[in-house]
Amino acid sequence: MLAIIDYRMGNIFSVFNALKRVCNAPPRILSVSKGGEGTADMPSALASVTVSGEIHDFLEEVEGIVLPGVGAFDDGIRNLRPFRAALLKAISEGVPFLGICLGMQLLFEESEESMFKRDSSQRKNEGEKGLGIFRGKVVRLHADVRVPHIGWNRLHIQRHSSLLEGISDGDFFYFAHSFFCVPENDVVVATTEYGGEIPAVVSNDSETVFGVQFHPEKSSKKGLQIIKNFVKICKK
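Each number in my numbering corresponds to the 1-based position in the sequence shown with 175 added.
Hints were generated in silico from the structure; no laboratory data involved.
Everything numeric in this text was worked out from a predicted model, so none of it was measured.
Hints may be right or wrong, so weigh each one.
Below, a list of computed lysine-lysine pairs in the BS3-like style, where the Cα atoms sit at most 25 angstroms apart [stated by the list, open to error]:
1) Lys411 x Lys397
2) Lys397 x Lys410
3) Lys397 x Lys195
4) Lys264 x Lys304
Ranges between beta-carbon positions, derived for each pair [as the list claims (entries may be wrong)]:
5) Ile325 x Asn379: 26 to 32 angstroms
6) Arg259 x Gly345: 20 to 26 angstroms
7) Ala260 x Arg310: 17 to 23 angstroms
Quick reminder that beta carbons are idealized off the backbone N, C-alpha and C, glycines included.
Construct the complete structure from the given sequences, taking the supplied hints into account.
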């Protein structure tokens with residue numbers, strides 16, 4: 176069973192539908208109720224199964240975790256607080272993890288988007304800290320390109336990864352973002368060109384934690400191949 180983290184940062188149902196196409200069992204969507212209680216819900220429009228319980232207990236039962244997302248870094252990290260400890264524990268135990276778009280950026284330490292903000296007193300406040308799985312930060316796209324970056328770009332593979340099995344150098348994927356990741360360590364698996372070379376796929380050495388800046392669920396057959404590859408990784 177795979178889990179999709181619903182932290183109110185974008186439409187998760189396209190990811191749900193893509194996973195449903197390639198999984199033997201539909202993924203579960205883990206969300207947080209208004210009272211802060213963790214629940215794993217299947218949307219009523221898609222399925223009628225509901226599983227309730229503690230977030231920690233639920234994530235101990237899953238084979239893999241997907242963190243999608245669009246929007247601001249600060250908002251994403253704040254909304255992710257109820258899941259944070261359980262996610263970090265699962266990742267440390269080797270549960271396969273895939274961050275998509277904002278989900279990839281949240282794997283890093285901090286974002287230029289949120290490092291310094293001004294409150295009503297015009298005092299600078301430090302922004303939210305990321306999950307810190309990868310060292311590095313998230314910065315705004317280069318000034319000489321249109322922001323946000325929305326559209327299809329070629330993927331340039333830098334090294335082998337199980338996540339990219341069946342993917343060729345130069346294949347197109349769909350991007351929609353205004354910021355990109357700047358890793359401090361050698362975690363880049365593939366890049367794309369947009370005002371310069373930017374990371375498009377990252378992974379740890381053990382290939383249990385992955386991030387993709389593009390949206391595989393919106394990237395046609397090649398995107399579906401990446402989702403299939405992640406499911407295969409989860410089944411090992």
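Hint-by-hint comparison with the structure:
no. : hint                                : verdict
1   : Lys411 x Lys397                     : holds, 22 angstroms
2   : Lys397 x Lys410                     : holds, 20 angstroms
3   : Lys397 x Lys195                     : holds, 16 angstroms
4   : Lys264 x Lys304                     : holds, 17 angstroms
5   : Ile325 x Asn379: 26 to 32 angstroms : holds, 29 angstroms
6   : Arg259 x Gly345: 20 to 26 angstroms : violated, 37 angstroms
7   : Ala260 x Arg310: 17 to 23 angstroms : holds, 20 angstroms
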